[in-house]
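For the sequence shown, full-length UniProt numbering gives the first residue as 1, with consecutive numbering after it.
Where hints are given, some of them may not hold.
Pairwise CB distance ranges, derived in the manner of DEER restraints [to be verified]:
1. ALA330 to GLU216: 53 to 63 Å
2. ASP101 to ASN154: 27 to 37 Å
3. SER337 to ASP132: 43 to 53 Å
4. GLY99 to ARG348: 39 to 49 Å
The calculated lysine to any residue pairs, modelled on SDA-like cross-linking and capped at a C-alpha distance of 25 Å, are [what the hints assert, rightly or not]:
5. LYS171 to ARG127
6. LYS171 to GLN35
7. LYS178 to ALA100
8. LYS193 to ALA150
9. LYS178 to THR218
10. LYS178 to HIS26
11. LYS193 to HIS26
12. LYS171 to GLU221
13. LYS178 to ASP151
14. LYS178 to GLN35
15. LYS171 to ASN110
16. LYS178 to GLU244
17. LYS171 to ASP132
18. LYS178 to HIS159
19. LYS171 to THR245
20. LYS171 to ALA220
21. LYS178 to THR245
22. LYS178 to ARG235
23. LYS178 to SER226
Hint data in this document are derived by calculation from the structure and do not stem from the laboratory. Please read all numbers here as calculations on a predicted model, not as lab measurements. Just so you know, even glycine gets a beta-carbon here, dropped at the ideal spot from N, CA and C.
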Amino acid sequence: MSISEQALTNDGERMIVGNMWGYWAHLSIYCFALQFGAGRRVLDAGSGSGYGAAYLARHGAQVLALDASAVAIEHSRIRYAGDPVTFEVADLNLPLPCGADLFDLVFSSNVFEHVAHVDRLASECARVMRPDGACVVAVPPVINATAMAADLENRFHVHHIPPSAWEAKLKRFFLDVKVHRHEHAGAFATPGKPETEIQLPMDQVTIRETDFAFPEITAAEMEATSSLTAIFVCRGRRLPAAPETLAERTPAEWCELAVAANLIGRAAAVPEDPVDHASQVTSAVAEAELKAKLKAELRAEARLNDVKGEMAVALAHMAAREEDMQRRVAAMEQSTSWRMTSPLRSLRTALRGR
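Can you build the whole structure from these sequences, using the hints too?
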């Protein structure tokens, strides 16, 4: 493992290459996306340590890989220097550094839940996707109150919503959204086999990226069962986007606040040593305040970036209009009619001066 790859393990939730169940499960999502991107132009929005972008490129795709981490991008450029991938640093809260209608596949795996301004990211994915292209988005499957409680413990996630809410959100930006379950296949679908594989040392792991299946189901079916990841295949850009709907909200009985209140209530019902309890409460309050502060800062930063983006667009429009006016004036001054009427304009000026 290189020094830069070691640094990646402390930078959010970046999966690194290794013969372990988690790596192959993550890579299988890229394998699923090959049907939309092999031999075509692909954008990997949130490429992490770069292994997935390189995987797509090795299967014939022309890949632009973006990530907010300069460390991750540096690592990717070094490790995958021999693969046809362009790695660039980009903040996914901002407009993507790409023109419109460029990519046959826009791909983003386990990234949307990290991006504060996720609506802008979805809109940008639709903008840079070709009209006949596809957008594949993978997010954690927050399917019930238990999953919500676990997701709330992840300090890197800023969105905690179920598959049905993600589906409703994506339908604001795309005309057709299909939901796919992520599950084990073949011998690894045998009860108990995946759990055994997860516990094996790296030199004994046999699962590979092709040992997973992605059947199409409904969001309601996913929330009634389980899935390793919630995957959405989006087609048909909706420009401009549709307005927000109530379907994007988490069910009231297991929304963030309800689950958090339940966790607090359960903790309060357990007898504890007064000193330890006071210490835990103080620690929990401090952590909650820190999380609230971080979220507020993220929202403020996203809003500031919004304003910056809007100002940049406005300035660009003004500059374009000014340039267009200058071209028109120059063209008019060079026109035959302008030159032929020059004596009349001179006479009018002289008469006004009398």
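Inset, instruction - Could you tell me which of the hints above the structure violates, numbers in ascending order? - result: Hints that this structure does not satisfy do not exist here, as all of them hold.
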